[in-house]
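A.B. asks: Chain residues, written in single-letter form:
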Amino acid sequence: MATTREWLLTESPASRLQARLGRSYRMLLALLRNPLAVLGAMIVLALVIIAIFAPFFATHSPYTVELTDRLQPPSKEFWLGTDELGRDIWSRLVFGARITLIIVVLVAAIAAPLGTIVGAVSGYLGGWADRILMGITDIFLSMPKLILALAFVAALGPGIENAVIAIAITSWPAYARIARAETLTIRNCEFIFAARLQGASAARIIVRHILPLCSSSVIIRVTLDMAGIILTAAGLGFLGLGAQPPLPEWGAMISRGRAFILDQWWVATMPGFAIVIVSLGFCFLGDGLRDVLDPKSGNSQ
Amino acid sequence: MTTAFTFLGLLAITFFIGRVVPIDPVLAVVGDRAPQAVYERVREEMGLDRPLFVQFFSYVGDVLSGNFGMSVTTQRPVLDDLMQVFPATLEMATLGIIIGVALGVPMGVIAASRQGSLTDQAIRVVGLLGYSMPAFWLGLVGLLVFYARLQWVAGPGRIDIFYDGLIPTATGLMLVDSLVAGDLDVFWNAVSHIVLPASILGFFSLAYIARMTRSFMLNQLGQEYVTTARVKGVSERAVIWRHAFRPIRVPLITVVGLSYAGLLEGSVMIETVFSWPGIGNYLTAALFNADMNAVLGATLVIGAVFIVINKVSDALYRVLDPRAQ
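Protein sequence lines correspond, in order, to chains A and B.
Just so we're aligned, residue 865 is where the first sequence starts under our numbering, counting upward by one.
Just so we're aligned, residue 182 is where the second sequence starts under our numbering, counting upward by one.
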C-alpha cells in the first residue's frame, strides 16, 4: 500500500499514465481535506446508489394505492408517513431519486458539451463566428432562466423530456462563456501552433487539444449548477409541468401534499427535505472541487 | 446598441416559442370542423400565410406599439392585465431585496472579518442553503410554521377580504396606497401579509449578496492600505467599515441589481404558493389555461425588466467607479 502511494506521489513519474494518476490522487487528497466537500461527495454517492438500487431501499411499492393507509403519520411501518393514496412516502422518495438523477444527468449531458463546443469554436476561430456565437450566448444569458424554461415547457407540453430540453436550452450559455474564456488563454500557446504547423485541422485542434483543457472548469461549473437544475426541475414538477403522476417526482409530490399541509405536514415537507439534502450535497461538492481544481477563481481564500 | 440587440433576441425567442406551440392557432379560432375555405381565410386574416420573417417583423411592431394580443382567460388585452398585476410583484420583490441587503451585506462583512471562524462557516452554510432550497417548499413550510402554528403572520393573498377595496388605488403598491390614504389598519394588515413571502425572497437574495460581499471584503482586507491603517492604530471596526467597506460599495451595486432582477424571477414560485396576485401568479395561471398570449406577454415583460435592471446596474457601476471612466 505504501509503495502504491509512493508510486502515485513521486516527483518524477516514469510514464504518462503514472503522471495522470498521480495528479488525480493529489486532487483526491486535497478534496478529502475539505470536510464539507467530503460530506457533499457522500451525499451525491448515496443518491446514485439509492437511485440504482431503489428496490432494495424501498420498504413498500411506490405506486400501490392502499386507501386504508392514507395520510398515516411517520411510524415504524411507514418511516416518513403515507400520502393521500396510502403510498409510502419513503419508498416514493427512493424511486424519485431515479427521476432526479436522470434529469440532472440528461441536462448535463446535453447542455455541457453543447456549451463547451460553442465556446471553444467561438474562442478558437474568433472574428465573425465569435461575434455571432457570443451574441446568441449573451442574449440567452441576459434572460431569466426559470421564466424561459417555463415558457418553453408551456409551448412543448408538460413531461420529463420537455422539462429536460427546456432546462438544457436555458443552461448551455454559461458553459459557452467559460469554455471561450479558457480557449482564449490557450489558443496562442506553442503546442497549439505546433499542432497547426503539423497540418492539424481546426476541428482536430479543437476536439483533441482545446476541449480536454476546458473540461475541468466546465465540470466544476456543472457540479455547482446541479443544485439549480434540481430546483428548476422540481419547480416545473411543482407547477405540474414536469414529470406527470403517478411518477414519484419530488416537486410533484410537494405539490400534491400542498392540500394537506396544515394537518398532514409530512406529505409536503418530506420531499422538500430530500431536495434540500441532495442540492446541498452538490453545492458542497462543487465548492470543494472548485477549490481543488481551480484555485485561482475560488473566492474562499 | 447591444441592449437593442438583446431585446431583439428576447423577442425572437418569444416569437419562436409562440411558433413551436403544438396547438394550431387557426384551429383554436375556427374549430376542427371548419371547411377548408374558412380555414384558409382565417389563416390569411391572422397573417400566418406570410413568410416567417415578415411575421416576425409584424410581431415586433405589435409588441413595440403595446399590442400583446388578447388573453383567452380574462378576455382583456394582455398588456392591461400585466399593468394591473405588476405592482404586486414589484412591491414584494422590492421589500425582499431590502431585507436581503439589510441582512446579507453585514453577514458578508462579518464573515470576511472573521475568516475561517465558526461564524464564517455558519454564514457559508446559510448561503449554500439559499442555493439549495426550493422556494415553493420554503414558502409552504413558512406558511405552516408562521401562519398556521404560530399565527404570527397573515395567510396567503395580499390583504384580508375584509379590507379589500377599502382604499383607492393610486400606485398599485398596497403599502404605499394605504399610507397615502392614511388608513393604518389596512397598512398593518398588508404588512402582515407581505412580510413572510418578502422575507423568503429576501433569504434567497441574501445568500448571493452575503457570498459576494464576503469575497469583495476579503479582497480588500488583503490590501496594503488596510495593513497601513491597522499599523497606524485605527480600530478594527473603523478599518472594516470606513476603509475596507467603502471601495466595495460600487461592485455591490451590481450584485444587488442582479439579485433584484433574480427576485422578480423567483417571485413566480413564491406568488404561486402565497396566491399573491402578481405577474408570477398570472403567468402560472396562463400556463394552465394554455393562454399563450398571456404566457408570452408575461415572459416578455419579466425578461425586459430583467434586462433593463442588468443594464442599469452595469451603467451605474461605470458611472460610480472612477477607475472605469
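I should point out that these hints are in silico values taken from the structure, not numbers from a laboratory.
Being a predicted model, the structure only gives us computed values, none of them experimental.
In this text, a Cβ means the ideal position worked out from N, Cα and C, and glycines have one as well.
Be a bit skeptical, because a hint or two may be false.
Beta-carbon label-pair distances, calculated as ranges [claimed, not checked]: (1) 409(B) / 1072(A): 28 to 34 Å; (2) 186(B) / 966(A): 33 to 39 Å; (3) 223(B) / 1126(A): 48 to 54 Å; (4) 1109(A) / 343(B): 35 to 41 Å.
Listed next, the stretches of chain A that the computed footprint assigns to chain B, with coverage defined by at least 3 CB atoms under 8 Å from CB atoms of chain B [stated by the list, open to error]: (5) 959 to 967; (6) 1003 to 1013; (7) 1068 to 1075.
A.B. asks: Which hints from the list above does the structure break, by number from lowest to highest?
C.D. replies: Numbers 1, 5 and 7, in rising order.
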